[in-house]
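Below are the chains, spelled out letter by letter.
Number of protein chains: 8
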Amino acid sequence: MSQKKVAIIMGSKSDLPIMDGAIQCLNDFGVSFDVNIVSAHRTPEYMVKFAKAAEKNGYKLIIAGAGGAAHLPGMVASLTILPVIGVPIQVGKLRGLDALLSVAQMPKGVPVACVAVDNSFNAGLLACRCLSIGSKVLSEKLKKFQKKQKLRILKTDHDLLK
Amino acid sequence: MSQKKVAIIMGSKSDLPIMDGAIQCLNDFGVSFDVNIVSAHRTPEYMVKFAKAAEKNGYKLIIAGAGGAAHLPGMVASLTILPVIGVPIQVGKLRGLDALLSVAQMPKGVPVACVAVDNSFNAGLLACRCLSIGSKVLSEKLKKFQKKQKLRILKTDHDLLK
Amino acid sequence: MSQKKVAIIMGSKSDLPIMDGAIQCLNDFGVSFDVNIVSAHRTPEYMVKFAKAAEKNGYKLIIAGAGGAAHLPGMVASLTILPVIGVPIQVGKLRGLDALLSVAQMPKGVPVACVAVDNSFNAGLLACRCLSIGSKVLSEKLKKFQKKQKLRILKTDHDLLK
Amino acid sequence: MSQKKVAIIMGSKSDLPIMDGAIQCLNDFGVSFDVNIVSAHRTPEYMVKFAKAAEKNGYKLIIAGAGGAAHLPGMVASLTILPVIGVPIQVGKLRGLDALLSVAQMPKGVPVACVAVDNSFNAGLLACRCLSIGSKVLSEKLKKFQKKQKLRILKTDHDLLK
Amino acid sequence: MSQKKVAIIMGSKSDLPIMDGAIQCLNDFGVSFDVNIVSAHRTPEYMVKFAKAAEKNGYKLIIAGAGGAAHLPGMVASLTILPVIGVPIQVGKLRGLDALLSVAQMPKGVPVACVAVDNSFNAGLLACRCLSIGSKVLSEKLKKFQKKQKLRILKTDHDLLK
Amino acid sequence: MSQKKVAIIMGSKSDLPIMDGAIQCLNDFGVSFDVNIVSAHRTPEYMVKFAKAAEKNGYKLIIAGAGGAAHLPGMVASLTILPVIGVPIQVGKLRGLDALLSVAQMPKGVPVACVAVDNSFNAGLLACRCLSIGSKVLSEKLKKFQKKQKLRILKTDHDLLK
Amino acid sequence: MSQKKVAIIMGSKSDLPIMDGAIQCLNDFGVSFDVNIVSAHRTPEYMVKFAKAAEKNGYKLIIAGAGGAAHLPGMVASLTILPVIGVPIQVGKLRGLDALLSVAQMPKGVPVACVAVDNSFNAGLLACRCLSIGSKVLSEKLKKFQKKQKLRILKTDHDLLK
Amino acid sequence: MSQKKVAIIMGSKSDLPIMDGAIQCLNDFGVSFDVNIVSAHRTPEYMVKFAKAAEKNGYKLIIAGAGGAAHLPGMVASLTILPVIGVPIQVGKLRGLDALLSVAQMPKGVPVACVAVDNSFNAGLLACRCLSIGSKVLSEKLKKFQKKQKLRILKTDHDLLK
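Protein chains in written order, with numbering that gives the first Met the number 0: chain A, 0 to 161; chain B, 0 to 161; chain C, 0 to 161; chain D, 0 to 161; chain E, 0 to 161; chain F, 0 to 161; chain G, 0 to 161; chain H, 0 to 161.
Hints in this document: simulated from the structure, not taken from any laboratory. Only a predicted model underlies this, so the values are computations on that prediction, with no experimental measurement involved. A few of these clues could be false.
[Unchecked claim] With a cut-off of at most 27 Å between alpha-carbon atoms, the simulated DSSO-like pairs for lysine-lysine come out as follows: (1) Lys154(E) with Lys142(E); (2) Lys161(B) with Lys140(B); (3) Lys12(C) with Lys149(G); (4) Lys51(A) with Lys51(D); (5) Lys51(D) with Lys107(B); (6) Lys147(D) with Lys154(B); (7) Lys161(C) with Lys3(B); (8) Lys147(A) with Lys48(C); (9) Lys48(H) with Lys48(F); (10) Lys135(G) with Lys146(G); (11) Lys55(C) with Lys146(A); (12) Lys48(G) with Lys142(H); (13) Lys48(C) with Lys107(H); (14) Lys142(H) with Lys143(G).
[Claimed, not checked] Here's a subset of chain A near chain D, in silico, CB distances under 7 Å, partners left out: (15) Asn35; (16) Ile36; (17) Ser38; (18) Leu93; (19) Gln148; (20) Arg151; (21) Lys154; (22) Lys161.
A virtual CB, placed ideally from N, CA and C, is assigned to each residue, including glycine.
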């Protein structure tokens, strides 16, 4: 059994550069995670097994990235009660609009938390926010991040005046 | 084991009025079929079981209708080698564009035959065309249908002149 | 200080019929919540105050519904570290596409969990999933819900055969 | 008379690089095919002749690729009873959305099996699935392909752990 | 042989209420015309015959209305050298966007004059403009129409002031 | 007074590379034309003067190219009774969709003949078709062009077989 | 010469119900205005005259509403140096997207201030904001409006608690 | 207190190259301005402070640029009574459509003046038009600019003839 908090999954190794944002984010926040290649369309049964076992394996949350007719986040959400964050990935010609609609437009009863196209960093951050519900440490880190982010902008603004 | 040629599946009973076009079509052509409510998101494991057993159960082809983030056709296609015809169904606010992209934009290796939004009759007809590859009888029926369709238009055109 | 777990907010009382899905869902799951009318555009300072105080007021999660240039979810997310779930609401002529993009396409550093257009029930369900991370009771309820949902579909399927 | 199983047609030689996916796929599966340049708009009568003779020429199925106002798949489908698979090709400025809608949105009575934009490999695979209805050999090859595809993903997943 | 100047064609009798605008317009301008039901998808060979004979039959111009994957205007344009005006008709769920793109996005070498969705009156007017190139009478009528149209607006504007 | 048949106009010299297709086409067909930079937005009064004088100046037809909020074709059409062919030009970020809608969606009473995005060659060809109504010579050239176009495709098809 | 501050113009009397929002708004704020029917496409020369004389006629600002290929705001903006506020109006089938793009996507050098589809009230409000630059009285009214708007929301929020 | 007329703000320094058009325009017209980095999402409270103080700080008008879920213009407009001009900036994959809808589709009561995607020059020009209401000098400059712009086009047109 994994002791990791988050499972980051994606349908193909070629999605790794995009999903790297989530990896970096969780690393920055000290949230443990596993990365797995799990394809809804190429390994549907492995996906079922993975999703069904996710809770028992100790995961608290799943981040799933997918492009085109992006089924992975929605299917995983149908097989677990863990919160699932979906990252629509731009592949092919339609600029990620297909993936955005496939991830966001889930039917009543099976929720997916959709973030912006290719924005896996925000998926990581959203995971941290969800996990921080029961964790003071993570709460503090998120506040620090938010503050640092603010200060960086304020400094840019200040430097502009010189 | 079913002796039916085609499995018509959809995620919810509320899809039946739309999927009725496929039912009518197969009835017209004398192609045997079963109708099942199989939901990718609400009964994912039943869907896996259904899709995996489809070939052994004697089905030659699957017609799957779904709306919104329409995952059913694609997921079934990933679990069988039977041809899968997907019917994007318009539910909700985005006029079926979400379902159309979710059904059509499948990744390399897992094909779905997408027809027009809500056009389940064409899904039935496409099924007949596929099944006619090995069936003279069905071929003849399709030719008759095509001819009748043509004659109806020609008659309309002719009646207009009077 | 509120002892409620979730804050459900929306920009106008006219959004209540749509946001009722989230209310029903949280009621069904026995998750306490408050409902507030907080408008990003008409009460921006109240929104700031509300969002900044949310954590201290005991909320664990915020569900925010908004239509058109839907700024409420994103702005609230920028003012708290609590997870924010955004519900794009269809108002006006563009079928909710404007709200969907305004809610989903958040920049790096400020995540919003976007659900489907008008699907506030899923926002409630996603909230329950997030809150279940630290709650066995809620986990069990989610499993029961998922099972009931499954059984309802299976029964529909079964009844169809008669 | 051709003894080939599949006719792959496209409107212009410049479509060949995109349609090469279908060629590769059919080669991989040992399905015989012809490749023809048949333009709905530049050689409409040759198209009519080609489509009408397709069945007599021994073809079992037609794969048609087209871009822009992509009329080739739909027109061919109106002139034969063979199943027609349409590949929307991205040409020009609108990212293939024009071709996708022109191929998918066929009227009642004339079905086209639409695949994803530029995804001619899937058109080939869909053809194999249709032809496998009467062919044990092809069925087995499809299962092998599906398995290999699965194993490749599982291996990628496994290698990631090292 | 018809002595009519314009052929108004459409794929189905159900398109008549929309195409009535063109009929009214040509009637108003005293331009002779025939109305025919010619379907690209249901009577492809009749369409070929019709389009090829159009010039010999004395037509100077063709107005073709079609919805969905609207192939009629483009196909007719490929089979004649007469100018073809295409009217995208809204049928089905996608608000006429599919028809607009199918009519407008023609490839190099086969032009169609596309007008606004459902705006068959403008197709009639455009036909009159084209035919007026060699006709003083028609030119004068067009000027009168333009003037009347102007005066009606000016009168509305004037009446508003009272 | 110009003796040229066609006026090709565009809003900016930067549109010339796109509008060159129309120039080439008219040159190929021996149709005389003038090229003018006439901007709806930067030289509105010159545009009014130009459009109003077009008929008197001997032009039979106007081809107008424009991008973005492409007003030139529609405005010119409102100021003349000559047929106006509009070429939507892709400038900026929205892939020409803005120009396509601005050119095509004209109100009742003021028709524009819209061709495909950036396809000025077809605008030229459409002009030739319109002008051929009263010209045997041009008719013959159009038939020759159509035939040559057909033969080129047939030859490509034939060469493929070797 | 009119002593009115704002000119509200639209292409047709049928636009009045939508443009009524601007009328109401200016009435509420005590800003004088005229309402005129001025059509870019049906009265282009009147439009030119109107726009060119607007400044001399004492207008400080123009609000222009238009639907479809909405040219009125952009054309007026090209003929005056007064600020022009454009209201895209939903007419026809494309849900106002055509008007939105035609109004918003103006080229460099000719600005239009675009508001939301059908939201003429905001056009009136934006006019008041622009006019308030030199007017203490109007500034105060705008602050009062903003405050009243805020209080209405706060009261709704408060009433909800009971 | 700043004596500058216009505040140009944007969410990130990376927006500067796009917003440079507004800077150049105001420089050309001799309108004083400040440039600030103010992020709706990263410095929401600084934004509130900035927007609330804008009027007191002497600004007459605010230009705000933002991409993706572009909230800055709308939020600032909710916190001031100064006119706010929004520039939708193309970032990410959706070609600026997300930003355009987020900026333009504001609810009743909180107006933003939206210009074209990435067209910050027009935002500057629109600012000048608004400020010219009370300034003869600026009016004259705008007329000169409009004239120069016209002459440049006329000269291009003239040079073409040689």
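Each hint tested on the structure:
no., hint, verdict
1, Lys154(E) with Lys142(E), "holds (18 Å)"
2, Lys161(B) with Lys140(B), "violated (32 Å)"
3, Lys12(C) with Lys149(G), "holds (13 Å)"
4, Lys51(A) with Lys51(D), "violated (51 Å)"
5, Lys51(D) with Lys107(B), "violated (31 Å)"
6, Lys147(D) with Lys154(B), "violated (54 Å)"
7, Lys161(C) with Lys3(B), "holds (16 Å)"
8, Lys147(A) with Lys48(C), "holds (21 Å)"
9, Lys48(H) with Lys48(F), "violated (52 Å)"
10, Lys135(G) with Lys146(G), "holds (16 Å)"
11, Lys55(C) with Lys146(A), "holds (17 Å)"
12, Lys48(G) with Lys142(H), "holds (17 Å)"
13, Lys48(C) with Lys107(H), "holds (23 Å)"
14, Lys142(H) with Lys143(G), "violated (35 Å)"
15, Asn35, "holds (5 Å)"
16, Ile36, "holds (4 Å)"
17, Ser38, "holds (5 Å)"
18, Leu93, "holds (6 Å)"
19, Gln148, "violated (31 Å)"
20, Arg151, "violated (33 Å)"
21, Lys154, "violated (38 Å)"
22, Lys161, "violated (43 Å)"
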